[in-house]
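The whole structure should be built from the sequences, with the hints applied where relevant.
Chain residues, written in single-letter form:
2 protein chains.
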Amino acid sequence: MAVYTEVPDEDLKAFLAGYDAGTLLSFKGIAEGVENTNYIVHTDRGSYILTLYEKRVDPGDLPFFLDLMAHLSAKGMTCPVPLRDRDGHALGMLCERPAALISFLEGVWVRKPNVEHCRALGDTMAAMHKAALDFSGTRRNALSVGDWRPIFASVADRADTLQAGLADEMERELTYLEANWPQDLPAGIIHADLFPDNVFFINSRLSGLIDFYFACRDALAYDVAVCLNAWCFEPDLSFNVTKARALLTAYAGRRALSQAEYDALPLLARGAAMRFFVTRLYDWLNHPPGAFVRPKDPLEYAKRIRFHRSVTNTREYGLD
Amino acid sequence: MAVYTEVPDEDLKAFLAGYDAGTLLSFKGIAEGVENTNYIVHTDRGSYILTLYEKRVDPGDLPFFLDLMAHLSAKGMTCPVPLRDRDGHALGMLCERPAALISFLEGVWVRKPNVEHCRALGDTMAAMHKAALDFSGTRRNALSVGDWRPIFASVADRADTLQAGLADEMERELTYLEANWPQDLPAGIIHADLFPDNVFFINSRLSGLIDFYFACRDALAYDVAVCLNAWCFEPDLSFNVTKARALLTAYAGRRALSQAEYDALPLLARGAAMRFFVTRLYDWLNHPPGAFVRPKDPLEYAKRIRFHRSVTNTREYGLD
Numbered sequence: 017m018a019v020y021t022e023v024p025d026e027d028l029k030a031f032l033a034g035y036d037a038g039t040l041l042s043f044k045g046i047a048e049g050v051e052n053t054n055y056i057v058h059t060d061r062g063s064y065i066l067t068l069y070e071k072r073v074d075p076g077d078l079p080f081f082l083d084l085m086a087h088l089s090a091k092g093m094t095c096p097v098p099l100r101d102r103d104g105h106a107l108g109m110l111c112e113r114p115a116a117l118i119s120f121l122e123g124v125w126v127r128k129p130n131v132e133h134c135r136a137l138g139d140t141m142a143a144m145h146k147a148a149l150d151f152s153g154t155r156r157n158a159l160s161v162g163d164w165r166p167i168f169a170s171v172a173d174r175a176d177t178l179q180a181g182l183a184d185e186m187e188r189e190l191t192y193l194e195a196n197w198p199q200d201l202p203a204g205i206i207h208a209d210l211f212p213d214n215v216f217f218i219n220s221r222l223s224g225l226i227d228f229y230f231a232c233r234d235a236l237a238y239d240v241a242v243c244l245n246a247w248c249f250e251p252d253l254s255f256n257v258t259k260a261r262a263l264l265t266a267y268a269g270r271r272a273l274s275q276a277e278y279d280a281l282p283l284l285a286r287g288a289a290m291r292f293f294v295t296r297l298y299d300w301l302n303h304p305p306g307a308f309v310r311p312k313d314p315l316e317y318a319k320r321i322r323f324h325r326s327v328t329n330t331r332e333y334g335l336d
Numbered sequence: 017m018a019v020y021t022e023v024p025d026e027d028l029k030a031f032l033a034g035y036d037a038g039t040l041l042s043f044k045g046i047a048e049g050v051e052n053t054n055y056i057v058h059t060d061r062g063s064y065i066l067t068l069y070e071k072r073v074d075p076g077d078l079p080f081f082l083d084l085m086a087h088l089s090a091k092g093m094t095c096p097v098p099l100r101d102r103d104g105h106a107l108g109m110l111c112e113r114p115a116a117l118i119s120f121l122e123g124v125w126v127r128k129p130n131v132e133h134c135r136a137l138g139d140t141m142a143a144m145h146k147a148a149l150d151f152s153g154t155r156r157n158a159l160s161v162g163d164w165r166p167i168f169a170s171v172a173d174r175a176d177t178l179q180a181g182l183a184d185e186m187e188r189e190l191t192y193l194e195a196n197w198p199q200d201l202p203a204g205i206i207h208a209d210l211f212p213d214n215v216f217f218i219n220s221r222l223s224g225l226i227d228f229y230f231a232c233r234d235a236l237a238y239d240v241a242v243c244l245n246a247w248c249f250e251p252d253l254s255f256n257v258t259k260a261r262a263l264l265t266a267y268a269g270r271r272a273l274s275q276a277e278y279d280a281l282p283l284l285a286r287g288a289a290m291r292f293f294v295t296r297l298y299d300w301l302n303h304p305p306g307a308f309v310r311p312k313d314p315l316e317y318a319k320r321i322r323f324h325r326s327v328t329n330t331r332e333y334g335l336d
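Chains A and B are the protein sequences, given in the same order.
Note that this note's numbering has the first sequence beginning at 17, numbered continuously upward.
Note that this note's numbering has the second sequence beginning at 17, numbered continuously upward.
Keep in mind that the hints are not guaranteed to be accurate.
Since the list can't tell identical chains apart, any single copy or any two copies may satisfy a pair.
Unchecked claim - When the alpha-carbon atoms are kept at most 20 Å apart in a straight line, the in silico DMTMM-like pairs for lysine to aspartate or glutamate are as follows:
hint: 1; residue 1: K44; residue 2: E22
hint: 2; residue 1: K71; residue 2: D150
hint: 3; residue 1: K29; residue 2: D101
hint: 4; residue 1: K128; residue 2: E187
hint: 5; residue 1: K29; residue 2: D74
hint: 6; residue 1: K44; residue 2: D227
hint: 7; residue 1: K319; residue 2: D25
hint: 8; residue 1: K146; residue 2: D60
hint: 9; residue 1: K44; residue 2: D173
hint: 10; residue 1: K128; residue 2: E70
hint: 11; residue 1: K44; residue 2: E122
hint: 12; residue 1: K319; residue 2: E122
hint: 13; residue 1: K91; residue 2: D103
Note that these hints are calculated values from the structure, not bench results.
Written out as C-alpha cells, the structure is:
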C-alpha cells in the first residue's frame, strides 16, 4: 500500500513515447499493491495502470504474468491487458525497474461480499480456468505445500507469543498436510490469490479480475479452496454455508468438479488457509515497528484451519 | 502521502447518490496530500477527486477553500471545482469526516521547472490574484510573520543538532522580520503554497492550479515571494536569476507591481523562506522514527533565507 518508486514526469513521458498510448494528461501514484508501485495514468486515449515491479517480484516471472493476462483477455475474460510498445514488448524499464503499461479495468471491489457476489465469483473463476487451459506458459506455485514449512520454521519459536500452543498445533498440521496432500487432481493455471480485493464489480455485475502476480500451475480445485477461505467466512469468522454453496454450485455449473476434487476440498481448504497463515505469521513477526503497512492478523487463518479440520463431509460446504 | 481513511464501497455509493455524478465505476486511494485522504473516482460521467479532510484541517475553513475554488473557476481560472450535492452543499460527511467531491483536473506537475514554466506561473498567479479580488470570503494567514516564532520556539533547543549556530541565527532573523515586516502592501487572496506540485502542465501549457488549502488573505507580493523560493532555486540551491526574471516579468505583465512591492520583495522572500523553514524544522524534529513520510530538509530553507538576506537590490532577482 505504497508508492515505492517516485517516477519523474520527464521519465514517464519518455517511457510513454515508446507506446501508441496518446499524450500524457496526468498520473498519480495509488495506494494499492503491497508488492509493486502503481500509478493511474490518464492520456487523451484513456486510462491506464503503470506498474513498476519492485524487489519482491522475480523479473523472470513477469513474462508469464503479462502473457497470461493477454491470453485471458483474448479468450474473452475481462482483466487488465498489458500494452505492447512499438517494438512489440509488453515489459519495459522505467526508473531502473521492470515496468508495464496496462489497460485500466473499471470496477470496485466489494468489502462485504454477499451470496450473489460469491455466485458470480464461482462462475467467473471456472471460466478463467477453462480459458487458461490452452495457455502455453507455466510457473510453479512458489507457495505450495512444500513451501509452507520453511516459512513457518523461520518464525515458529515466536508463534506462541500470539497464542499458547500455536507452534505445536501448526507443526502437526503441516506434517498432516505434507503427508496427505493430493497429487493427481486436475491441474491448470490458477489465480491463487482471488481475494475480494482482486475481483471487481460494477453494480452487481462482476466486471473483471485483477492482480495475476501469484498465478501459477496447480490443482484447479486449490483456487476454489482459496476462495472458500477468502469469501465464505463472516467477519466473526463463522462459516457461511450459503455463500459456499453458491460459489461451488456456480463453479461446477461451468466446469464440472470430479468426485476426487470434491473429496479433496476440506484438505485443500486447510492447505489454502495454511498458505495464508504462514505468510501472515511471517509478516506479523517480522514487521518493523512503526512501519506504515499494518500486517494482517494471522490468527484469522489459524481459525479457518481449525474449521476446515473439523469438516468431515462436503455437506458442510453446502453441497448435497 | 497516504490514505488515512479507508472508504468502504457501500459508504462511497451512498455518498455519491447524493450527487448528480453518475454511476460509480472505480475508486482508488492516491498517494498524494500530506494533510488529507484523496481518492480518484471514475463514474460514467467522468473523473473526480474525492477528498476526506483529516484532523490537520480546520473544518471551519473548508467553506472558504471550496467557495474560493468555485469562484476562481467561475472567473475562468482552471482549478478543481467542488460539486454541489442535490441539496446545494459542496461539503458533506463520509466516514465521519468532512468530505467533498471535486472535479478532476488533468495535468502533470513538473519536477524540474524551466524558464518557460516560471513565466507561465507568473502570468497565471497574477491572473488568479485578479480573479479573486471580488471574492467575498476571507481567511487569516495562519502561517504569517507572527506565527513563525511559536513554531520555532517549540523546537529551537534542538535546532543546533542540524547545524551549529542555527538556533541563534534564526532567532535573530525572526526578530528582524517581525520588526520590519511590511504592513501596507496591496492585499488580496493568495494561494500561499504555489510549489511546483500544485501547478499542472499539459505539454508546455499551464493547465491549472490545485490545492488551495493554505489560501488566505495576505499581501499579494508574498505569494510571489513564495514562488521565488519554490521555483527559482536549482537543486544545488543556487539562485537562477533568469527564472526569477521570467516569473516576475510575466506577473507584472498581467498585474503591475508597485514600487513598494518591488522594494519589499527581498524581505518578503526571507519571510516566505522562514515560513517553510520553521514548519520543516518542526516536522523534522518531531518526526516519529520509522514513519512512512520522510520529512523535507529544513536546511534547504535556511540557505534560501541567507541568500535573500544578501540581496540588496531587486536587480539580483533579474529586474532592471
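Against the structure, the hints come out as follows:
no.	hint	in the structure
1	K44 <-> E22	both (10 Å within a copy, 18 Å between copies)
2	K71 <-> D150	neither (30 Å within a copy, 53 Å between copies)
3	K29 <-> D101	within (14 Å within a copy, 37 Å between copies)
4	K128 <-> E187	neither (33 Å within a copy, 56 Å between copies)
5	K29 <-> D74	neither (26 Å within a copy, 38 Å between copies)
6	K44 <-> D227	both (19 Å within a copy, 15 Å between copies)
7	K319 <-> D25	neither (47 Å within a copy, 27 Å between copies)
8	K146 <-> D60	neither (35 Å within a copy, 31 Å between copies)
9	K44 <-> D173	neither (42 Å within a copy, 39 Å between copies)
10	K128 <-> E70	neither (30 Å within a copy, 25 Å between copies)
11	K44 <-> E122	both (16 Å within a copy, 10 Å between copies)
12	K319 <-> E122	neither (34 Å within a copy, 47 Å between copies)
13	K91 <-> D103	neither (24 Å within a copy, 46 Å between copies)
In terms of the numbered hints stated before, the structure departs from hints 2, 4, 5, 7, 8, 9, 10, 12, 13, listed from lowest to highest.
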